[in-house]
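With the hints as a guide, bring both chains together as one complex.
Spelled out, the chains give:
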Amino acid sequence: MKTVLVVDDEFDLTGTLRSILEGEGYSTQICANGKEALTSLEDCKPDLVLMDVMMPVLSGFEVLRSMRSVPALEGVPVILMSAVPPSVNRDDYGWQAFLRKPFTLDALVKTVETLIGKP
Amino acid sequence: MGKAVLMTTPKPDAAERIRTSQCVNERASLERFLQLQPMPAMIADVAAGRAVLLNEPAHRVPLEAPAGAAGYYATDTSGHTIGGGPLVAHLAVRAQGPVGVEIAWHTPARRWTFRVLARSLEPRNGSPLLSLLTFLDITAQRDAEAELRHALAARDEFFSVATHELKDPLFSLQLSIQLLRHQTERLATVPAFLTHHLDVGCRQVDRLTRLVENLLEVSRIANRRLQLDPEALDLAELAREVTSRFQDMAAALRTPLILDCPEPVIGYYDRLKLERVLTNLLTNAMEYGLGQPIVLRVRGTPDLAVLEVEDHGMGIGPEDQKRIFERFERAAPGHRRESLGLGLHIVRALVEAHSGTVSLVSAVGVGSTFTVSLPRKRLTVPQAEDISGGPGEQS
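Respectively, the protein sequence lines represent chains D and F.
Residue numbering for the first sequence is 1 to 119, as defined by this note's numbering.
Residue numbering for the second sequence is 1001 to 1395, as defined by this note's numbering.
Bound-form chain F, shown alone (with noise of 0.2 Å):
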């Protein structure tokens, strides 16, 4: 590695420059108000490339590197280091800005993170072009931003690992409550409580197995691994498909749940994120509709797809109509404690991936209607961006 040292000893021509090319007072000054300075800073000879003077602070840094010594060098944000020359003089220039430049410095002994700030001090009576260079010492801002984003990788990847041990279990159990209730239909008679905890145990189960899908979709998107696979998908088709799951949830809250869509709305569509919308959106409506109609409607015009889920419920106040949309937020009161709040923030995050829009008409006690619009074109599909490095889905 290059190594690129920030300043090294002055040689006596150097400091004989500042002596003659400027009167002692003026030195003097310069180095009171050095001195002043709280953080490590320095004067810089700009055509010399060097340093003339340095604070204390910059001396137990120490930022110029001790004749001969290796190991100090300095790097960029991207980890670079930097050359090419002489680094106060590359400082003096880029770091004039009004928010400088940020470098890490590194010493045998540590490893320092500087927002450098370069100001040009007028030259008087000859003297060559200096510069004032004051080093901001934002090394455990920086570190405590490293922690925490290593810190919410590590929750992201968990979160994740956690969603699909949680899924296969349920699967398992899933299939195997069906089996039961497959079962007992064949038989002659069946105890009615019989029947009854199988079925209760069937909507259990499908709950969790949404309650965890959405978990795992929560972070995908968190995670930045949200990534689209459209074909042609026809959302009439698709949601006659995800309202005959829900059937036995409507029975079973009677609840008459409505299907108006008279004709094919085909576009280009990822099924799976689409199933999801639809079904975060009728689970929504089923908890949310005290029994009341919900109606699903779908529609199409020569550029867009709409679909609308309309429920005659509780409704939803005008102070909470913008945050429901968020993560982990539910609207209050009446609202079930037990939801995750997470229905609604990947409804949105799903549309937006679509280039679509979701938006909702409400009012307290007489229902909500949330449409969603989405284009009938070719969509663009960007891959997915995997930050963390982590494992990727796993079945």
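Just chain D, same shape as in the assembly (with noise of 0.2 Å):
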């Protein structure tokens, strides 16, 4: 089964992301903010991480730049989330795609779908 890792610090937020990708067949994890998503990545080894951009402890731009430097994380697809626009450089940090805060479970699905195909 494809694994998302999800990670935003609003935790009703996650809670809907989980049900949303489980109800399409997805397997999840959680994490509460940058510093458990860099320690759940290595274990859980996901297909897909769908992140929070703002973030406490750390920055879904600081978790990209230490992904980027494990070799075994470098080929993992990342969605970011954010209400205003990325303010880096895409290629600098090699996210896949970007959903900007509020978007549609539609969106969300097809997003995901063409970057990891279907469950």
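Treat the hints as calculated values from the structure; they're not laboratory data.
As the structure is a prediction and not an experimental result, all values here were calculated from the model.
You may find that some hints are simply not true.
Keeping only pairs whose Cα atoms sit at most 25 Å apart, straight-line, the calculated SDA-like set for lysine to any residue is [as the list claims (entries may be wrong)]:
1. D/Lys110 x F/Val1242
2. D/Lys110 x F/Ala1188
3. D/Lys45 x D/Ser59
4. D/Lys35 x F/His1164
5. D/Lys110 x F/Gln1247
6. D/Lys110 x D/Arg90
7. D/Lys110 x F/Ser1244
8. D/Lys110 x F/Asp1234
9. D/Lys110 x F/Lys1377
10. D/Lys110 x F/Phe1193
11. D/Lys2 x F/Ser1176
12. D/Lys118 x D/Trp95
13. D/Lys2 x D/Thr111
14. D/Lys110 x F/Asp1168
15. D/Lys110 x F/Leu1179
16. D/Lys118 x F/Ser1176
17. F/Lys1377 x D/Pro85
18. D/Lys110 x F/Val1205
19. D/Lys110 x F/Thr1279
Below, the structure written as structure tokens:
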């Protein structure tokens, strides 16, 4: 089963994202901040990371930078979520898709399917 | 910090010069004239760079630094110490204009803000060039203005942060309702009232989201944080995207929504800002269109892209047409009281940020057509001016 690592500090939102993705047939892992995400990434080896940008402890950009320096995680696709467009250069950090909050359920499912296919 | 003493105690020779160069009667007249001034004032010997007579209010400030005292100096409106020579000589020259000059006068006890006016006195009997300096105390006015600026900045900052705080739970709620609706679509039978109330929930959350987005946009405008991020953009495609988001609302209001954009119209625009422009114009048309057809047109000329939103609803009277673009203004009567009156204000600000214009043709009982004209050439994008120094945008 394909696994999506969902990283966001909004508890209710991660719960909803989990329900949506699991409803579509994906497995999920939830992390509440960037530091937790870095630990989980090594353990669960997800097929995709769905991550907020502004988070306590480590921001989404900082997690991305760390991920790209680890060969095992280098190829894991990342969807960033934020209410404002990214303030940094995509080429420097290497995310695959960006979802501007508020986005729709359909937009989320379509973006996930585009990157890793159906479950 | 360099010390610029406004006045030092006149040496005997200065007073002597007055006595010898002017008759006693003239000096007495000057003194009487000076004492009649209700505000601090002095007669200055410009060449000597010192005051020779001060009135009682000037002594009370004091505008005269006690001999050997530290902590007396003047600054300009930028906060820079005024130095490079005697201050009275500086003021006698610089303050001759119709509005004089503004200075802050610092004493160990307090700070004053003065508008200083200088007027030259006609030399007589070989007397030195004298100047009358009057000091209008505007300290309270400037302090009140600073307090007001601070309060406005604090209000705008609170507005911005509060709006962001509203956005996160709204998004979570919006996605949850979409999830519920999505799940009901997979069920074989769903009670009609459940579908109905989920649709109501969806529409109301969408509406709240639009209101919050408008609050955030207006706080950006008020804080001068409006910044364009232009890209090559097909306005016909954008119009299709935005219109598709209004299909549920159009169906609920039984309002035909017609899109008329036969060909691509490409220019360099900020996608999010023009989405907001179209969203606000369509929301207005839906709310005040009385269920009559609404048409969104997109046309292009070599120089301009033109977006038109036409409704056949209640229309806007001539007396209201100018003010509806102002913040917190709504057309009256019959227009909804719960509207914040921000939508058209934001439309105008965003269109003008693109160097475009927005116009309105409307008649009561006939309907309204809003026309947005945008240049198709590349824009020179000004950077946002952050006047508050507060935190920037957050996700």
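- Assess, step by step, whether the Cα of D/Lys110 is no farther than 25 Å from the Cα of F/Val1205, and give holds or violated. Since the Cα atoms of D/Lys110 and F/Val1205 sit roughly 22 Å apart, the hinted pair holds (cutoff 25 Å).
- Message: Checking one constraint from the list: CA of D/Lys110 to CA of F/Val1242, max 25 Å. Satisfied?
- Response: This hinted pair holds, its Cα atoms lying about 18 Å apart.
- Item | Distance restraint between D/Lys110 and F/Lys1377, which requires alpha-carbon spacing of 25 Å or less | It is violated: about 34 Å lies between the C-alpha atoms, which goes past 25 Å.
- Would you check the hint for D/Lys110 and F/Ala1188, treating anything up to 25 Å between C-alpha atoms as holding? Roughly 24 Å separates the two Cα atoms, so the pair holds.
- Given the hint that D/Lys45 pairs with D/Ser59, test it: the Cα-Cα distance must not exceed 25 Å. This hinted pair holds, its Cα atoms lying about 20 Å apart.
- Under the criterion that the straight-line Cα-Cα distance not exceed 25 Å, is the pair D/Lys110, F/Asp1168 satisfied? 22 Å, holds
- Task: With a cut-off of 25 Å on the C-alpha distance, tell me whether D/Lys2 and F/Ser1176 pass.
- Result: 23 Å, holds
- Message: Holds or violated: D/Lys118 and F/Ser1176, Cα atoms, limit 25 Å.
- Response: 22 Å, holds
- Task: Compare the distance between the alpha carbons of D/Lys110 and F/Asp1234 with 25 Å, and conclude whether the hinted pair is satisfied.
- Result: 22 Å, holds
- Query: Regarding the pair D/Lys118 and D/Trp95, is the alpha-carbon distance no greater than 25 Å?
  - Reply: 20 Å, holds
- Message: Holds or violated: D/Lys2 and D/Thr111, Cα atoms, limit 25 Å.
- Response: Distance of about 15 Å is within 25 Å: holds.
- Query: Are the Cα positions of D/Lys110 and F/Leu1179 separated by 25 Å at most?
  - Reply: Measuring from Cα to Cα gives roughly 14 Å; hence the hint holds.
Violation of the numbered hints given earlier is confined to hints 9 and 10; the remaining hints are satisfied by the structure.
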